[in-house]
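Keeping their order, the protein sequence lines are chains A and B. Using this note's numbering, read the first sequence as starting at 1 and increasing by one per residue. Using this note's numbering, read the second sequence as starting at 1 and increasing by one per residue.
Errors might be hidden in some of the hints.
Said to hold, decoys possible - If you anchor each label on the Cβ, the simulated ranges turn out as follows:
#1 R289(B) <-> R86(A): 50 to 56 angstroms
#2 F25(A) <-> R107(B): 53 to 59 angstroms
#3 P27(B) <-> G308(A): 40 to 46 angstroms
#4 E295(B) <-> R279(A): 24 to 30 angstroms
#5 R279(A) <-> Q72(B): 54 to 60 angstroms
Said to hold, decoys possible - Computed from the model, here is a short list of chain B residues facing chain A with C-beta under 8 angstroms:
#6 I57
#7 G140
#8 D217
#9 R219
#10 G220
#11 A228
#12 M265
#13 G274
#14 S278
#15 A303
What the hints contain is simulated information worked out from the structure, not anything from laboratory work. Values in this document were obtained by computation on a predicted structure and should not be read as measured data. The C-beta atom is built at its ideal place from N, Cα and C for all residues, glycine as well.
Each chain, written out:
There are 2 protein chains.
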Amino acid sequence: MNAANIDVLVREVGLRDGLQMVAEFFPTDQKIAWIRAEAAAGVREIEVSSFVPPKLIPQFADAEAVVEAALQIGGLTVMALVPNLRGAERGLALGVHKLDFVMSVSRTHNLKNVRREREESLADLRRIVAARDAAAAAGGTRTQIAAGLSTALGCSYEGAIAVGDVCRYAAALAEAGVDEIMVADTVGYADPALVRKAFRAVLAEVGDVPVAAHFHDTRGTGLANVVAALDCGVRRFDASLAGLGGCPFAPGATGNIVMDDLCFMLDSMGLRTGVDLSRLLAVREILARQLPAAEMRGALARAGLPTGYQPAPQRVPA
Amino acid sequence: MNAANIDVLVREVGLRDGLQMVAEFFPTDQKIAWIRAEAAAGVREIEVSSFVPPKLIPQFADAEAVVEAALQIGGLTVMALVPNLRGAERGLALGVHKLDFVMSVSRTHNLKNVRREREESLADLRRIVAARDAAAAAGGTRTQIAAGLSTALGCSYEGAIAVGDVCRYAAALAEAGVDEIMVADTVGYADPALVRKAFRAVLAEVGDVPVAAHFHDTRGTGLANVVAALDCGVRRFDASLAGLGGCPFAPGATGNIVMDDLCFMLDSMGLRTGVDLSRLLAVREILARQLPAAEMRGALARAGLPTGYQPAPQRVPA
């Protein structure tokens, strides 16, 4: 963890994982307002955009402007997704703090998602690491590279994924020189028992490379899986405000775990996230205004804080 | 656990905890259809009604008819709530298998809910146990008595509840001779850390009296709390189909954890519940037809089973 006085890092990924599913363009100034408001609420790290070709996902045509604005916010780690070396070069040129490179453990999903074999994805990653190292050697700041393993806990095409495969690719990512590995339950298949098994195995495999968990709440097990990952020692979690995500053309698809509910659960457990729950809840208004048709999920937003609730770590142990 | 080949007992409480919040009368034949369909799906125990005065909650005016019909179903344990000795006598006269007596750990909530001090509630319970023992001695079957501790993990009036108080009342229930203790998060305040602390303490306090967990999903932590309770060794959980519950006049109130999602999570973890997930999901149709305005919750119902899903224990370990 960084110098900040927190126990768990919660990372907002709604601007990327959530908005990539939203057809209507979310105005650049409103994206920036969302980022600023969450940072002001205490969120330390945000995946703000994706350096994909704008013609593929027009939502991210403003990636440069959004990243540049986010980089002005003190204390915020700015992450952006890069699908390939070209995307990484765009990110490195801007001085983004962290690149998010994604490949799938499921061969079928990787072929459908990025149209290449998994070994080709690893080769892409190595080129990105080399580009990063060259940029750093040329005197720039050293950009971090986080690599995500999609469909690590199940795949809509292939079904169950062997934990051994997850470990093999996690080891390859570590070997390639990444600064962080995200193990992702892309389609919401995971249960707490599988989470414990997979994360323990991955953590044992990758040594001191930090491992983050990226869960979707598609089948209701999202926060239960967080508890299981916490038990393994995981202290970095992706989430999206109001659980933004899911595809309007895929009934049943849902987004990431709900950022606000995640922060509430962690805070209730006495784990400091640095996030002010009331200020975080207030940020939902930006989404509600901009995406009136979107499903805004979140139990805390609906029920409110418990009577006499004291945020961590000021709470008095019972 | 009974002779049935299961690892975890899931108990349907929607006919009591859910329907008590529903103003419109749910027809007796439809209540019985719901019970029969869930029993046919493999649910071993159902809280089918409440022996409260019908003028207080008209929804339960048909308690006798519902209990009598449920008692005809082979292999099903039939439970009914009893608020006092008069209610217990109604249940004992019918030969219900299990009485559910409830008191609150929060003094304020107990006063509001049953209009008496907690010590008076304990005295009520002792009279009910004596009535049960007398009925059994007179040659009837021995009815089990389960006692619930409401607001054990938080109270809307009092806020946080001391774990020491929960243990004190749990010990008093065990001392009174109950066959099971339910620790209830009535208002959905619990987090997994509190659940572990409270359940470990209660289990240590009550010896070999089985302890069940009764969670509400008001703030999104329901299934996460189940994981925490499983870790403590709890193997009995209350839930309601589609999460039925909550009060239409209390914004933000929500029902019990969702029975279908609970069964899916447990099954995914390799814990046998005896419940056929597809048949259970089909029972939701009875609720949807009868309560068109009710909020039907449930992630599994929305997303469907994962590709290639194999129910426990046939699933092949990865």
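Hint-by-hint comparison with the structure:
Distance hint check for R289(B) and R86(A): the Cβ-Cβ separation is about 55 angstroms, which falls inside the suggested range of 50 to 56 angstroms. Range check, F25(A) to R107(B): about 56 angstroms between beta-carbon atoms, so the 53 to 59 angstroms window is met. The hint said 40 to 46 angstroms for the Cβ distance between P27(B) and G308(A), and at roughly 42 angstroms that hint holds. A beta carbon spacing of about 28 angstroms between E295(B) and R279(A) agrees with the range 24 to 30 angstroms that was offered as a hint.
A hinted range of 54 to 60 angstroms for the beta carbons of R279(A) and Q72(B) is consistent with their spacing of about 56 angstroms. Violation of the interface hint for I57(B) is found here, the shortest Cβ-Cβ separation to chain A being roughly 24 angstroms, above the 8 angstroms cut-off. For the restraint placing G140(B) at the interface with chain A, the shortest Cβ-Cβ distance is roughly 42 angstroms, beyond the 8 angstroms limit, so the hint is violated. A least Cβ separation of about 7 angstroms between D217(B) and chain A falls short of the 8 angstroms threshold, and the interface hint therefore holds.
Interface hint status for R219(B): upheld, as the beta-carbon distance to the closest one in chain A is roughly 5 angstroms, under 8 angstroms. Residue-level restraint check for G220(B) holds (minimum Cβ-Cβ distance to chain A is 3 angstroms; threshold 8 angstroms). For the restraint placing A228(B) at the interface with chain A, the shortest Cβ-Cβ distance is roughly 6 angstroms, inside the 8 angstroms limit, so the hint holds. A hinted interface residue such as M265(B) counts as satisfied when its beta carbon comes closer than 8 angstroms to some beta carbon of chain A; here the least separation is about 5 angstroms, so the hint holds.
Interface hint status for G274(B): violated, as the beta-carbon distance to the closest one in chain A is roughly 18 angstroms, over 8 angstroms. Nearest Cβ of chain A to the Cβ of S278(B): about 14 angstroms, over the 8 angstroms cut. The hint is violated. Annotation: A303(B) was flagged as interfacial toward chain A, and the flag holds, the nearest CB pair being 4 angstroms apart, inside 8 angstroms.
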